[in-house]
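Colleague: Sequence:
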Amino acid sequence: MELQQLRYVVAVAETRNFTRAAERCRVVQSALSHQIAALERELGARLFERTSRRVRLTPAGEAFLTAARECLEAADRARAEVASAAGEIRGRLAVGTIPTVAAVDLPVALREYRRRYPRVRITLTAAGSDELVERVRQGAVDVAFLGLPPRAEPRGVRSRRLGGGELVAVVAPDYHRVETEADLRGLADEPFIDFRVGAAGRAQSDEAFAAAGVRREVPFEVSSADLMVDLVRQGLGVGMLPAAYAPRFPDLRVIRLRDAPTRVEHMIWDNRPSPAATAFLELIDADHSALLPVT
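Under my numbering, the final residue of the sequence shown carries the number 727; numbering is consecutive throughout.
These are calculated hints, taken from the structure and not from any lab test. Just to be clear, a hint being listed does not mean it is correct.
To be verified - Between beta-carbon pairs, the in silico distance windows are: (1) R587 - R486: 21 to 31 Å; (2) R617 - R569: 35 to 45 Å; (3) E585 - N449: 40 to 50 Å; (4) E649 - A507: 50 to 60 Å; (5) G667 - R704: 45 to 55 Å; (6) N449 - P491: 18 to 28 Å.
No residue lacks a Cβ here, since even glycine has one placed at the ideal position from N, Cα and C.
Taking the hints into account, I'd like the entire structure generated from these sequences.
Modeller: Have a look at this one:
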């Protein structure tokens, strides 16, 4: 069993097509098919079901895929560790973030990191806080930036608080409310646009309304801040955004809240960060003040 065979299996599993997998791996299809067939003979099990229309993993293939990815990740990490010992940072840096991160200017941080460590392959994934915690636990993401209610802490990962802040209400320019400051009780009768129930971004607002002793209606549930803003622009309801993030949408009106929900932003990573991840953590720690977003 060779690492190249594992790469071929992963490529076929992800593309569900031998031709596209061969193109990704930059080999002719016949060579890729031959290597996978040889691996299947060695394992004594078929990894893929092949028909004229589709390719899919067998149960044996599903089990093998997880181990194959772990082996490839371990091999990449071994190379990175050797390079680090020789004074060179290389390998992979997978970063995850909530879309509304405000404690760090992430594009600037990634630009500076790439300038310092050009041999590191950087990827970025945007997702919800809960999903990012799980991805860091699984090793799919190296470092992630979250936003959680004040009393919540990310579990199963290492973390550092980057800062906190209040949320504000945002409405369309021609929305019927004209005040620039309100309390949650005064907004309770408005239709709200918010994240799905159970998401960390939703919990911040729900907890604040519960503490104020009022209930609100959320007829529009979204999975991204961009969709929330688009619905707010159409006058469909009131959105809630971090006060440091709301200025990115100057066309929306901001209503400050006297009893505002709050959130805390965290940076998280796993217990054994790679050299590339360690270098990124050090960059954020050293330059945090310089990486604050410009408002």
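Colleague: Please test the hint of 35 to 45 Å on the beta carbon pair from R617 and R569.
Modeller: holds, 39 Å
Colleague: Is it true that the C-beta distance of N449 to P491 lies inside 18 to 28 Å, as the hint says?
Modeller: holds, 20 Å
Colleague: Indicate whether the distance between the beta carbons of G667 and R704 respects the range 45 to 55 Å.
Modeller: Holds, since G667 and R704 (Cβ atoms, about 50 Å apart) stay within the stated range.
Colleague: Taking the Cβ atom of E585 and the Cβ atom of N449, is their distance within the range 40 to 50 Å?
Modeller: holds, 43 Å
Colleague: Taking the CB of R587 and the CB of R486, does the distance hold inside 21 to 31 Å?
Modeller: Given range 21 to 31 Å: violated, Cβ gap about 39 Å.
Colleague: Note whether the CB distance of E649 and A507 lies within 50 to 60 Å or breaks it.
Modeller: holds, 53 Å
The structure shown violates just one earlier hint, number 1.
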